[in-house]
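Student: One letter stands for each residue in the lines below.
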Amino acid sequence: MTLITVPRPPKSAHNPDRAVSSLLKWQVEHLHQAEKRLPLRYHGEVYVNAIKTEGEAARYIHDVTEAIHTAHEDEAAQRLKRVLRRKRGRKT
Amino acid sequence: MPPGLDKLKHIVVLMMENRSFDHMLGSLKAVNPQVDGITNQDPYSNPDTNGNLVKPQPLAQFQGQLDPDPDHHFPAVDLQIFGGDPNRAANMQGFVKSYFNQQRDVGHSQKIMYYFKQSDLPVLTTLALEFAVFNRWFASIPGPTICNRAFAHYGTSFGRVDMNLLYVNEPFKSIYDRLINATPKHTSKLYYYDTTSSTMEITNLLQNQPELFGTYQQFLDDCQSGNLPDYTFVEPNYSDHDSDSGEEVASDQHPDHNVQAGELFIASIYQAIKNNPTLWESTALLIVYDEHGGIYDHVPPPACTPDQFTASANDTGTGMPFAFDRLGVRVPAILVSPWIQQGTVVNRVFDHASIPATITKFFLGDYSPRSPRETSADVFIEPNVPPVNPARNLLSLGVVRADCPDFDV
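Going down the list, the sequences are from chains A and B.
Residue 29 in our numbering sits at position 29 of the first sequence, and the numbers go up by one each step.
One rule links them: number in our numbering = place in the second sequence (from 1) + 92.
Just chain A, same shape as in the assembly (with noise of 0.2 Å):
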């Protein structure tokens, strides 16, 4: 079978200070205004209007997506709790 070789991207491939393209600028957009809707526990204190570069695009992004898993799993983790609450309820 033939083994293909795949070049490797160079080092300066890697640039997160490049300006935040438009894409991300929507991410971040669509990712606030699901930061707006949940609990104020979960928001972070970034100010999206400042985001001007690939890097604090993926920082924030990265916040707010383990918020929105994290959230979710706190009220899975509650729903779970109030379920065994009326089991044991019930038993006594």
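Bear in mind the hints are in silico, worked out from the structure with no lab data behind them.
All of these numbers come straight from a predicted model, not from anything done at the bench.
Be aware that a few hints might be false.
[What the hints assert, rightly or not] Derived lysine-lysine pairs resembling DSS-like cross-links, with alpha carbons at most 30 Å apart: (1) B:Lys277 x A:Lys81; (2) B:Lys101 x B:Lys277; (3) B:Lys453 x B:Lys99; (4) A:Lys81 x A:Lys36; (5) A:Lys52 x B:Lys147; (6) A:Lys25 x B:Lys99; (7) B:Lys147 x B:Lys209; (8) B:Lys209 x B:Lys189; (9) B:Lys277 x A:Lys87; (10) A:Lys52 x A:Lys25; (11) A:Lys11 x A:Lys36; (12) B:Lys209 x A:Lys11; (13) A:Lys91 x A:Lys81; (14) B:Lys147 x B:Lys189; (15) B:Lys99 x B:Lys209; (16) B:Lys265 x B:Lys277; (17) B:Lys265 x A:Lys36; (18) B:Lys147 x B:Lys265; (19) A:Lys25 x A:Lys36; (20) B:Lys189 x B:Lys121; (21) B:Lys189 x A:Lys25.
Given chain A, put chain B in place with the hints provided.
Tutor: Coordinates of chain B only, in the frame set by chain A:
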């Protein structure tokens, strides 16, 4: 039944960003004349703003050339397709003019016509020549990322032609919802690169169903353990960022990200599947791009079945409404499976609505409601239900191939 369809258990879709068919695969016409690409013998050209005719040339660079990012929003794509013709004949003559509008530099605007040499893209071109390449896979609408990706998830963009928040309207459910709520239940997952790259489908899927998502590392683990879902959607890395494992280079190939990083990513997805022999024989991988990114392609997009939604003249930004009755510009699309004959070229028309159409028909059979666009979309994998039309079935080999390439990832 064809053994390739009988054994098929997993379908994986990898959707990359913003490159046209001619830009990435056009060079293959010189190698396989059945590929509808470009050579310097072809009469294709675009006028620049001085009236000179600019021909496509194999001078594309991995990074630093398409800066600023070519405009790929609805009004710009309208100019690219119709070239400003008042009779609105789709002539594909407006790409250089469109790119000129961004920097007012005649020389720079001509670079929108550049394409890659075959040797520049060893992964994509090898896969295109080794498996099935689609001559007529178009973006679903002549516009940008979010609404095009929506067609891959829902079979419609719910009337949107832009990047604004896209809210799902009942009754059209995502392909993921259809699968996980079916009886019997099927499995489905979207894998984004990591939480720093995240997904482009935030408003509906990430916000409401984050449990649908996994990471690229999980995809690799699931391939290794043989636990890949029935249907998988993979998103590349959308940004340069730092992670616990070091510097991460964007792999989506969206200008001006490095194209070689995307080649490496595509190879890693392919190799992850191939390295598990059981998975390799039971998986079909579709590599497709969401839209052309404003970059030249010579094939006029065809008309299509109108969606039931309409975008207003205000929403399109062109002063004219849009009935979703015309496809976007052509994009690279390749189907990979060891059951596909080497050198397959497909000439039927597809767009991203073909993705939920195919997944639904293969795993669920008859299903409604679906959008008019999805209902009329062609499928790239035939349902495993007799009789299978041999002229349409791409997984047609009677014996699994033993000669498929490997990439050193």
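Student: Indicate, hint by hint, whether the structure satisfies it.
Tutor: Hints, one by one, checked against the model:
As the CA atoms of Lys277 of chain B and Lys81 of chain A are separated by approximately 27 Å, the hinted pair is consistent with the 30 Å bound. Proposed proximity of Lys101 of chain B and Lys277 of chain B is supported: the alpha carbons are some 14 Å apart, at most 30 Å. Of the pairs offered as hints, the one joining Lys453 of chain B and Lys99 of chain B holds, with about 16 Å between alpha carbons and a cut-off of 30 Å not exceeded. Taking the CA atoms of Lys81 of chain A and Lys36 of chain A, the gap is near 26 Å; set against the 30 Å cutoff, the hint holds.
Between the alpha carbons of Lys52 of chain A and Lys147 of chain B the distance comes to roughly 36 Å, so the proposed pair goes past 30 Å and is violated. Our distance criterion of 30 Å between C-alpha atoms is broken by Lys25 of chain A and Lys99 of chain B, whose separation comes to about 43 Å. Pair hint Lys147 of chain B plus Lys209 of chain B holds up; C-alpha atoms about 15 Å apart against a cutoff of 30 Å. Simply put, Lys209 of chain B and Lys189 of chain B have alpha-carbon atoms about 24 Å apart, close enough for the 30 Å limit, and the pair holds.
Between the alpha carbons of Lys277 of chain B and Lys87 of chain A the distance comes to roughly 28 Å, so the proposed pair stays at or under 30 Å and holds. Annotation: proposed proximity of Lys52 of chain A to Lys25 of chain A holds, straight-line Cα distance about 9 Å (limit 30 Å). Taking the CA atoms of Lys11 of chain A and Lys36 of chain A, the gap is near 37 Å; set against the 30 Å cutoff, the hint is violated. Among the hinted pairs, Lys209 of chain B with Lys11 of chain A is consistent with the structure: their alpha-carbon atoms are about 23 Å apart, no more than 30 Å.
With a C-alpha separation of about 15 Å, the suggested pair Lys91 of chain A and Lys81 of chain A falls inside the 30 Å cut-off, and the hint holds. Between Lys147 of chain B and Lys189 of chain B the CA atoms are separated by roughly 14 Å; this keeps the pair inside 30 Å, and the hint holds. This hinted pair does not check out: Lys99 of chain B and Lys209 of chain B have alpha carbons roughly 36 Å apart, beyond 30 Å. Distance restraint check for Lys265 of chain B and Lys277 of chain B: the Cα-Cα separation of roughly 15 Å lies within the 30 Å cut-off, and the hinted pair is therefore satisfied.
Proposed proximity of Lys265 of chain B and Lys36 of chain A is supported: the alpha carbons are some 25 Å apart, at most 30 Å. In summary, the hint linking Lys147 of chain B to Lys265 of chain B is not supported, as the alpha carbons are separated by about 44 Å, beyond the 30 Å threshold. Restraint check for Lys25 of chain A and Lys36 of chain A: satisfied, since their Cα atoms lie roughly 16 Å apart, inside the 30 Å limit. Restraint check: the Cα-Cα separation between Lys189 of chain B and Lys121 of chain B comes to about 26 Å, which is no more than 30 Å; the hinted pair holds.
Restraint check for Lys189 of chain B and Lys25 of chain A: satisfied, since their Cα atoms lie roughly 25 Å apart, inside the 30 Å limit.
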